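Going down the list, the sequences are from chains A and B. Each step along the first sequence adds one to the number in UniProt numbering, with nothing skipped, and position 50 is 50. Each step along the second sequence adds one to the number in UniProt numbering, with nothing skipped, and position 182 is 182.
One or more of the hints may lead you astray.
Claimed, not checked - Straight line, CA to CA, 27 Å or less: simulated DSSO-like cross-link-like pairs of lysine-lysine:
1) Lys99/A - Lys109/B
2) Lys13/B - Lys83/A
3) Lys13/B - Lys38/A
4) Lys13/B - Lys99/A
5) Lys38/A - Lys101/B
6) Lys38/A - Lys198/B
7) Lys151/A - Lys198/B
8) Lys13/B - Lys82/A
9) Lys50/A - Lys109/B
10) Lys201/A - Lys198/B
11) Lys50/A - Lys30/B
12) Lys198/B - Lys99/A
13) Lys101/B - Lys99/A
14) Lys30/B - Lys201/A
Note that these hints are calculated values from the structure, not bench results. Values in this document were obtained by computation on a predicted structure and should not be read as measured data.
Here is how the chains run, residue by residue.
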Amino acid sequence: MPPRGSRGPLPPLLLVWALAACAARASEITFELPDNAKQCFYEEIAQGTKCTLEFQVITGGHYDVDCRLEDPDGIVLYKEMKKQYDSFTFTASRNGTYKFCFSNEFSTFTHKTVYFDFQVGEDPPLFPNENRVTALTQMESACVSIHEALKSVIDYQTHFRLREAQGRSRAEDLNTRVAYWSIGEAIILLVVSIGQVFLLKSFFSDKRTTTTRVGS
Amino acid sequence: LALYFHIGEREEKCIIEDIPSDTLVVGNYKVQRWDLHIHDFLESAPGLGMFVTVTSPTSEVLLSKLYGPQGTFTFTSYISGEHIICFQSNSTRFAVIAGSKLRIHLDIKVGEHFLDESAIQAKDKVNEVNIRLEHLIEQIHHVTREQEYEREREEKFRKTSEETNSNILWWAIVQTLILISVGIWQIKSLRDFFISKKLV
């Protein structure tokens, strides 16, 4: 066992493992999906990697979208219609390009803003050089636990931000709807009532209508 | 640069980043063009470039540059809000050949200063922990900025909800008044009309 503190050339096995562990990636993108449109994303994944796809609709219509995930052979791994939010974890059964698509084809005129987060692989450990047999020092283990806590803080923060954006979008929709509806209703009310009176008056105003008929 | 998607040659594709102020955003991209002869994407197409345009929430253009087929762009947000990053190729072919499309690889990192992993391994133990701690501090600052921004947005949300609430009350009152006054006017008007027509 090499003495602690010495930093000779990394044993080849550790190096390979560190490189493989570094294949972890996460991509998150927020994009606008126009009505009747479909947008697909592709990612090359190695066999055995654990991946997570999470998506949420932030603004637009009924806040729902169709989502579909296919493996390189075209087998559908995940398919949901009109979902607002979902999270799907899978392990890649073979190497190749995986494809996931979001579709707004059922909607005629609303575009949706969709957020998705595609995580490939686990995060590499913070101190990969450390020979795992010896214990991490207090500093290093404090770093590791702060890092883990921060990751979950950032994760919660992202979820909260998306939920708040969705809530705010609904509140703004509600506000504009109330305004238009109230103005519309006030106008209809006035037009109908005034129209009623004039229509009624017009029934009695024809030249040939005799007021005498009522009299006799 | 693993995630990619396809767009048409002259199409513009935009993504939205809702970020707090003073946040650094780094984007890496790579673009490939579909070649009809080999029925695959060319590894590198000469002369192909991408216009990258970044618009701030106040519709001010923060960045608008032409990059080559592969590149990195960065910008720092001055205002918190939705920044829109748009990609469009500089292809000037007017007659777009059917079936031609572009493949764009994209990776966008928000708010963190990224570590040079090799630099860490070269230094000794104390420096390694030091660098990790600095990275963690940077992450915490990012979390704090996001929290500040969240506060602003929640305030806007609350204002909108309160405005809706008072709008509903106000309109209900106005409509009731309209209803009553129009009703009274109707009856009066008809009564006068019938009296003048000697029906009553």
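The hints, checked one at a time:
1. Lys99/A - Lys109/B: holds (22 Å)
2. Lys13/B - Lys83/A: Distance ~24 Å between Lys13/B and Lys83/A Cα, so the pair holds.
3. Lys13/B - Lys38/A: It holds: about 13 Å lies between the C-alpha atoms, which stays within 27 Å.
4. Lys13/B - Lys99/A: holds (19 Å)
5. Lys38/A - Lys101/B: holds (15 Å)
6. Lys38/A - Lys198/B: violated (71 Å)
7. Lys151/A - Lys198/B: violated (86 Å)
8. Lys13/B - Lys82/A: Holds. Lys13/B to Lys82/A sits at ~24 Å (cutoff 27 Å).
9. Lys50/A - Lys109/B: It holds: about 21 Å lies between the C-alpha atoms, which stays within 27 Å.
10. Lys201/A - Lys198/B: holds (13 Å)
11. Lys50/A - Lys30/B: Holds, because 25 Å separates the two Cα atoms, which is no more than 27 Å.
12. Lys198/B - Lys99/A: Roughly 82 Å separates the two Cα atoms, so the pair is violated.
13. Lys101/B - Lys99/A: holds (17 Å)
14. Lys30/B - Lys201/A: Cα-Cα ~75 Å, so violated.
Of the hints listed earlier, those the structure fails to meet are numbers 6, 7, 12 and 14, in rising order.
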